[in-house]
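> Spelled out, the chains give:
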Amino acid sequence: QQQVKQSPQSLIVQKGGISIINCAYENTAFDYFPWYQQFPGKGPALLIAIRPDVSEKKEGRFTISFNKSAKQFSLHIMDSQPGDSATYFCAASPDYGGSQGNLIFGKGTKLSVKP
Amino acid sequence: DAGVIQSPRHEVTEMGQEVTLRCKPISGHDYLFWYRQTMMRGLELLIYFNNNVPIDDSGMPEDRFSAKMPNASFSTLKIQPSEPRDSAVYFCASSFWGGTEAFFGQGTRLTVV
Numbered sequence: 496q497q498q499v500k501q502s503p504q505s506l507i508v509q510k511g512g513i514s515i516i517n518c519a520y521e522n523t524a525f526d527y528f529p530w531y532q533q534f535p536g537k538g539p540a541l542l543i544a545i546r547p548d549v550s551e552k553k554e555g556r557f558t559i560s561f562n563k564s565a566k567q568f569s570l571h572i573m574d575s576q577p578g579d580s581a582t583y584f585c586a587a588s589p590d591y592g593g594s595q596g597n598l599i600f601g602k603g604t605k606l607s608v609k610p
Numbered sequence: 003d004a005g006v007i008q009s010p011r012h013e014v015t016e017m018g019q020e021v022t023l024r025c026k027p028i029s030g031h032d033y034l035f036w037y038r039q040t041m042m043r044g045l046e047l048l049i050y051f052n053n054n055v056p057i058d059d060s061g062m063p064e065d066r067f068s069a070k071m072p073n074a075s076f077s078t079l080k081i082q083p084s085e086p087r088d089s090a091v092y093f094c095a096s097s098f099w100g101g102t103e104a105f106f107g108q109g110t111r112l113t114v115v
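As they're listed, the protein sequences go chains S and Y. FYI, my numbering numbers position 18 of the first sequence as 513, with every residue one higher than the one before it. FYI, my numbering numbers position 113 of the second sequence as 115, with every residue one higher than the one before it.
Source of the hints: derived by calculation from the structure; they are not laboratory data. Predicted model, so just to flag it, every value in this text is computed and none were measured. One or more of the hints may lead you astray.
As the list claims (entries may be wrong) - Result set (DSSO-like, lysine-lysine): computed pairs, CA atoms no more than 27 Å apart in a straight line:
1. 26(Y) to 537(S)
2. 80(Y) to 500(S)
3. 602(S) to 80(Y)
4. 510(S) to 563(S)
5. 602(S) to 500(S)
6. 609(S) to 500(S)
7. 552(S) to 566(S)
8. 500(S) to 70(Y)
9. 605(S) to 510(S)
10. 537(S) to 510(S)
11. 566(S) to 510(S)
12. 563(S) to 609(S)
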């Protein structure tokens with residue numbers, strides 16, 4: 496019940512294309528759903544996050560779609576660029592109010608954007 | 003602020019030796035988290051502190067692992083004795099109540115030979 500399942504494991508997209516990464520969770524107590532981006536040799540950095548009271552959040556080229564009934568959420572990267580090549584992790588937390596770092600992570604998706 | 007600072011960045015040690023990883027959280031943050039990242043298991047939360055007090059250590063794999071936070075600006079993760087299967091990248095992260103995200107350090111890559 497504590498797992499967050501992420502797919503695909505790897506993704507290759509052409510420059511300008513749309514990258515889509517999906518995640519599913521079991522625990523209905525989760526209250527905060529962030530996406531982290533990690534470059535080689537660096538720590539994860541928050542990209543965008545959503546709470547279950549909204550179905551979509553958009554920040555620039557990045558959009559989270561959230562389906563509470565299906566317990567699924569996804570990251571869409573529009574107009575993908577080579578600089579977006581990184582590993583993306585979805586995560587979930589039961590504690591939005593304070594400990595946003597108390598996270599259950601998906602296994603990650605390695606995105607490669609070809610020029 | 004310089005962000006979350008971890009030291010050392012790389013550590014190579016022999017099996018059976020004691021290893022101490024260090025973390026300085028962002029000033030003013032009252033939550034501190036230790037994570038471990040491996041290819042097989044991904045990113046796993048080991049332990050987290052609130053106001054220097056350990057809140058949840060259920061992710062600590064064995065008694066060989068211990069963590070302390072003697073003050074608001076410093077935490078250690080100790081492995082004694084170390085084993086080759088402890089080889090991983092260890093991340094420290096911090097956040098504050100009412101904030102919007104947890105900030106991760108650059109990590110410590112530990113290799114136990």
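> A separate judgement is required for each hint: does it hold in the structure or not?
Results of checking the hints against the structure:
1. At roughly 16 Å between alpha-carbon atoms, residue 26(Y) and residue 537(S) fall within 27 Å of each other, so this suggested pair holds.
2. For the proposed pair residue 80(Y) and residue 500(S), the alpha carbon gap of about 30 Å is over 27 Å, so the pair is violated.
3. Only pairs whose Cα atoms come within 27 Å are accepted, and residue 602(S) paired with residue 80(Y) is accepted, the gap being roughly 25 Å.
4. For the suggested pair residue 510(S) and residue 563(S), the alpha carbons sit about 31 Å apart, so the restraint of at most 27 Å is broken.
5. Our distance criterion of 27 Å between C-alpha atoms is met by residue 602(S) and residue 500(S), whose separation comes to about 7 Å.
6. The suggested pairing of residue 609(S) with residue 500(S) holds, with an alpha-carbon distance near 26 Å, which does not exceed 27 Å.
7. Between residue 552(S) and residue 566(S) the alpha-carbon distance is near 16 Å, which keeps this suggested pair within the 27 Å criterion.
8. Proximity of residue 500(S) to residue 70(Y) is assessed by CA-CA distance (about 31 Å); at most 27 Å being required, the pair is judged violated.
9. Taking the CA atoms of residue 605(S) and residue 510(S), the gap is about 15 Å. The hint holds against a cut of 27 Å.
10. Taking the CA atoms of residue 537(S) and residue 510(S), the gap is about 23 Å. The hint holds against a cut of 27 Å.
11. With a C-alpha separation of about 30 Å, the suggested pairing of residue 566(S) with residue 510(S) is violated against the 27 Å cut-off.
12. A C-alpha spacing of about 33 Å is found between residue 563(S) and residue 609(S), which places the hinted pair above 27 Å, so the restraint is violated.
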